[in-house]
Amino acid sequence: AQSVAQPEDQVNVAEGNPLTVKCTYSVSGNPYLFWYVQYPNRGLQFLLKYITGDNLVKGSYGFEAEFNKSQTSFHLKKPSALVSDSALYFCAVRDEDFNKFYFGSGTKLNVKP
Amino acid sequence: EAGVTQFPSHSVIEKGQTVTLRCDPISGHDNLYWYRRVMGKEIKFLLHFVKESKQDESGMPNNRFLAERTGGTYSTLKVQPAELEDSGVYFCASSHHRRGLMNTEAFFGQGTRLTVV
Numbered sequence: 001a002q003s004v005a006q007p008e009d010q011v012n013v014a015e016g017n018p019l020t021v022k023c024t025y026s027v028s029g030n031p032y033l034f035w036y037v038q039y040p041n042r043g044l045q046f047l048l049k050y051i052t053g054d055n056l057v058k059g060s061y062g063f064e065a066e067f068n069k070s071q072t073s074f075h076l077k078k079p080s081a082l083v084s085d086s087a088l089y090f091c092a093v094r095d096e097d098f099n100k101f102y103f104g105s106g107t108k109l110n111v112k113p
Numbered sequence: 001e002a003g004v005t006q007f008p009s010h011s012v013i014e015k016g017q018t019v020t021l022r023c024d025p026i027s028g029h030d031n032l033y034w035y036r037r038v039m040g041k042e043i044k045f046l047l048h049f050v051k052e053s054k055q056d057e058s059g060m061p062n063n064r065f066l067a068e069r070t071g072g073t074y075s076t077l078k079v080q081p082a083e084l085e086d087s088g089v090y091f092c093a094s095s096h097h098r099r100g101l102m103n104t105e106a107f108f109g110q111g112t113r114l115t116v117v
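In the order they appear, the protein sequences are chains Y and F.
Throughout the first sequence, residue numbering follows this note's numbering, covering 1 to 113 in sequence.
Throughout the second sequence, residue numbering follows this note's numbering, covering 1 to 117 in sequence.
Warning: the hint list may mix true and false statements.
[Stated by the list, open to error] Here are the simulated DSBU-like cross-link-like pairs (lysine-lysine), alpha carbons at most 30 Å apart as the crow flies:
hint: 1; chain 1: Y; residue 1: 108; chain 2: Y; residue 2: 49
hint: 2; chain 1: Y; residue 1: 49; chain 2: F; residue 2: 41
hint: 3; chain 1: F; residue 1: 54; chain 2: F; residue 2: 78
hint: 4; chain 1: Y; residue 1: 58; chain 2: Y; residue 2: 77
hint: 5; chain 1: Y; residue 1: 49; chain 2: F; residue 2: 51
hint: 6; chain 1: Y; residue 1: 22; chain 2: F; residue 2: 41
hint: 7; chain 1: F; residue 1: 41; chain 2: Y; residue 2: 112
hint: 8; chain 1: Y; residue 1: 58; chain 2: Y; residue 2: 69
hint: 9; chain 1: Y; residue 1: 69; chain 2: Y; residue 2: 108
hint: 10; chain 1: Y; residue 1: 49; chain 2: Y; residue 2: 77
hint: 11; chain 1: F; residue 1: 41; chain 2: Y; residue 2: 69
hint: 12; chain 1: Y; residue 1: 77; chain 2: F; residue 2: 41
hint: 13; chain 1: F; residue 1: 41; chain 2: Y; residue 2: 108
hint: 14; chain 1: F; residue 1: 44; chain 2: Y; residue 2: 22
hint: 15; chain 1: Y; residue 1: 49; chain 2: Y; residue 2: 69
hint: 16; chain 1: Y; residue 1: 49; chain 2: F; residue 2: 54
hint: 17; chain 1: Y; residue 1: 58; chain 2: Y; residue 2: 112
hint: 18; chain 1: F; residue 1: 41; chain 2: F; residue 2: 15
hint: 19; chain 1: Y; residue 1: 58; chain 2: Y; residue 2: 22
hint: 20; chain 1: Y; residue 1: 77; chain 2: F; residue 2: 78
hint: 21; chain 1: Y; residue 1: 22; chain 2: Y; residue 2: 69
hint: 22; chain 1: F; residue 1: 78; chain 2: F; residue 2: 44
hint: 23; chain 1: Y; residue 1: 108; chain 2: F; residue 2: 51
hint: 24; chain 1: F; residue 1: 54; chain 2: F; residue 2: 41
hint: 25; chain 1: F; residue 1: 78; chain 2: Y; residue 2: 58
hint: 26; chain 1: Y; residue 1: 49; chain 2: F; residue 2: 44
hint: 27; chain 1: F; residue 1: 54; chain 2: F; residue 2: 44
hint: 28; chain 1: Y; residue 1: 112; chain 2: Y; residue 2: 77
hint: 29; chain 1: F; residue 1: 15; chain 2: F; residue 2: 78
hint: 30; chain 1: F; residue 1: 54; chain 2: F; residue 2: 15
hint: 31; chain 1: Y; residue 1: 58; chain 2: F; residue 2: 44
hint: 32; chain 1: Y; residue 1: 49; chain 2: Y; residue 2: 22
hint: 33; chain 1: Y; residue 1: 77; chain 2: Y; residue 2: 108
hint: 34; chain 1: Y; residue 1: 69; chain 2: F; residue 2: 44
hint: 35; chain 1: F; residue 1: 51; chain 2: F; residue 2: 78
I should point out that these hints are in silico values taken from the structure, not numbers from a laboratory.
Could you build all of it, start to finish, from the sequences and the hints given here?
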């Protein structure tokens, strides 16, 4: 069965510092991994995805994620956080057979000035 | 291009009442999904349409929930009668439907926040 775990409910980081939001996954087939962000009163916005190829994936707003097959992880990273990055971040895996997404519980990112 | 739109954005109803949520997917997207997030929990799959057909409704909590997608366009999700535990944010998403095209992301609406009191 497919599942995603986001072990941190909240991540606090100072503006300008690097940030990491953690995600681990469990899939029975090939991992198709996604990160979405939800700003207050907004819908989920696509950030980036891993399908195949390079383990380091670059996405919107300067975010990137590193796929690690041996650790079954897909952590979201950004070298220098902005206050405007404060939002709720969701990791997701797409089921190859049934074409649906499985989401983690979300991580609230707080970037303080 | 218009995104996925959902209506209403908020709904507060009493236990036992009926509520209907609506989702208009991106034009041309055959896949339409409903998801729900209960406070602080993960976003859970409810069901999946391909055009007007229900592809997978394994996530529907019980028979108080009824989803339809008339003519393969917009979709409605009706809760009747609503219970307290139905409170949460209901998201709709759409994507292209092409077999084997697993790299397609889904586009989400802003969600409907349902509060049952």
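Going down the list of hints, with the structure as the test:
no.: 1; hint: 108(Y) x 49(Y); in the structure: holds (19 Å)
no.: 2; hint: 49(Y) x 41(F); in the structure: holds (22 Å)
no.: 3; hint: 54(F) x 78(F); in the structure: holds (15 Å)
no.: 4; hint: 58(Y) x 77(Y); in the structure: holds (10 Å)
no.: 5; hint: 49(Y) x 51(F); in the structure: holds (25 Å)
no.: 6; hint: 22(Y) x 41(F); in the structure: holds (16 Å)
no.: 7; hint: 41(F) x 112(Y); in the structure: holds (25 Å)
no.: 8; hint: 58(Y) x 69(Y); in the structure: holds (17 Å)
no.: 9; hint: 69(Y) x 108(Y); in the structure: holds (25 Å)
no.: 10; hint: 49(Y) x 77(Y); in the structure: holds (13 Å)
no.: 11; hint: 41(F) x 69(Y); in the structure: holds (26 Å)
no.: 12; hint: 77(Y) x 41(F); in the structure: holds (22 Å)
no.: 13; hint: 41(F) x 108(Y); in the structure: holds (12 Å)
no.: 14; hint: 44(F) x 22(Y); in the structure: holds (19 Å)
no.: 15; hint: 49(Y) x 69(Y); in the structure: holds (15 Å)
no.: 16; hint: 49(Y) x 54(F); in the structure: holds (26 Å)
no.: 17; hint: 58(Y) x 112(Y); in the structure: holds (24 Å)
no.: 18; hint: 41(F) x 15(F); in the structure: holds (22 Å)
no.: 19; hint: 58(Y) x 22(Y); in the structure: holds (16 Å)
no.: 20; hint: 77(Y) x 78(F); in the structure: violated (39 Å)
no.: 21; hint: 22(Y) x 69(Y); in the structure: holds (14 Å)
no.: 22; hint: 78(F) x 44(F); in the structure: holds (17 Å)
no.: 23; hint: 108(Y) x 51(F); in the structure: violated (34 Å)
no.: 24; hint: 54(F) x 41(F); in the structure: holds (25 Å)
no.: 25; hint: 78(F) x 58(Y); in the structure: violated (39 Å)
no.: 26; hint: 49(Y) x 44(F); in the structure: holds (19 Å)
no.: 27; hint: 54(F) x 44(F); in the structure: holds (17 Å)
no.: 28; hint: 112(Y) x 77(Y); in the structure: holds (17 Å)
no.: 29; hint: 15(F) x 78(F); in the structure: holds (14 Å)
no.: 30; hint: 54(F) x 15(F); in the structure: holds (28 Å)
no.: 31; hint: 58(Y) x 44(F); in the structure: holds (26 Å)
no.: 32; hint: 49(Y) x 22(Y); in the structure: holds (15 Å)
no.: 33; hint: 77(Y) x 108(Y); in the structure: holds (14 Å)
no.: 34; hint: 69(Y) x 44(F); in the structure: holds (24 Å)
no.: 35; hint: 51(F) x 78(F); in the structure: holds (18 Å)
Hints 20, 23 and 25, counting from the list given before, are not met by this structure.
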